[in-house]
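Could you slot chain A onto chain P? The hints should help.
From first to last, the protein sequence lines stand for chains P and A.
Plus 4 on top of the position in the first sequence (first one is 1) and you've got this note's numbering.
Plus 102 on top of the position in the second sequence (first one is 1) and you've got this note's numbering.
Any given hint could be a false lead.
Stated by the list, open to error - Restraint ranges, calculated between C-beta atoms of paired labels, are given here:
1) P:Ala83 / A:Glu158: 29 to 35 Å
2) P:Thr99 / A:Asp105: 20 to 26 Å
3) A:Val154 / P:Met58: 31 to 37 Å
4) A:Thr188 / P:Phe113: 23 to 29 Å
5) P:Ala82 / A:Ile171: 43 to 49 Å
6) P:Ala116 / A:Met129: 33 to 39 Å
7) A:Ile171 / P:Lys115: 21 to 27 Å
8) P:Arg61 / A:Glu197: 17 to 23 Å
9) A:Asn155 / P:Lys75: 33 to 39 Å
The set of hints was computed from the structure by calculation and includes no laboratory data.
Note that the Cβ used here is the ideal one computed from N, Cα and C, for glycine as well.
The residues making up each chain are set out below.
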Amino acid sequence: GESVGLHLPTLSVQEGDNSIINCAYSNSASDYFIWYKQESGKGPQFIIDIRSNMDKRQGQRVTVLLNKTVKHLSLQIAATQPGDSAVYFCAETNTGGFKTIFGAGTRLFVKA
Amino acid sequence: EADIYQTPRYLVIGTGKKITLECSQTMGHDKMYWYQQDPGMELHLIHYSYGVNSTEKGDLSSESTVSRIRTEHFPLTLESARPSHTSQYLCASSEFGEEAFFGQGTRLTVV
Chain P
5 GESVGLHLPT LSVQEGDNSI INCAYSNSAS DYFIWYKQES GKGPQFIIDI
55 RSNMDKRQGQ RVTVLLNKTV KHLSLQIAAT QPGDSAVYFC AETNTGGFKT
105 IFGAGTRLFV KA
Chain A
103 EADIYQTPRY LVIGTGKKIT LECSQTMGHD KMYWYQQDPG MELHLIHYSY
153 GVNSTEKGDL SSESTVSRIR TEHFPLTLES ARPSHTSQYL CASSEFGEEA
203 FFGQGTRLTV V
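If we strip away everything but chain P, and leave its shape as in the complex, we get (with noise of 0.2 Å):
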């Protein structure tokens, strides 16, 4: 289940290092999984996604994991930048079914 009241871990980063931001999603039967940016003040934006039949997915500066056996997902992002600074979600959601799960989130700090 869900925690209630929880603080958000924290990954802080040297600018144009690479982060890897790690989640563990519960559901075996989820097949589509999500990575949402959320910058202050606004709500979550999608960066990225990958169906179950996938273990890896290119993006722009983004990289998206998906290890089924240890329901492990990751986002990688190439040469971070003070602008990639934010929350970062994952959520995974079963396409045959009708709820997402969030994941806890990740701070990421990008220092200059």
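Below, chain A without anything else, positioned relative to chain P:
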């Protein structure tokens, strides 16, 4: 740019008042959601809808209610606001099996 809108963006209201937070989307999505999020904290699903005349409670207990009379509109109502309702409320919509689009949120303060 996502076509989902929430009003108001900020609201300060006294205890005991009735309030309605508005959410509208122009994408024709059947699924709509309300999330509650305290600063620096997780997203908690409080209500969702599969389509017109469908509403379900989410995972986090909430004293709010919702309605879905039109596809594009999913308002959230608090009959009697309390300081414990102070939070950010985020509305979202999606197609089945696709990513959700979020509004900018309503930051509610009950004094």
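Violated hints, by number in ascending order, as checked against the structure: The structure conflicts with hints 1, 7, although it agrees with all the remaining ones.
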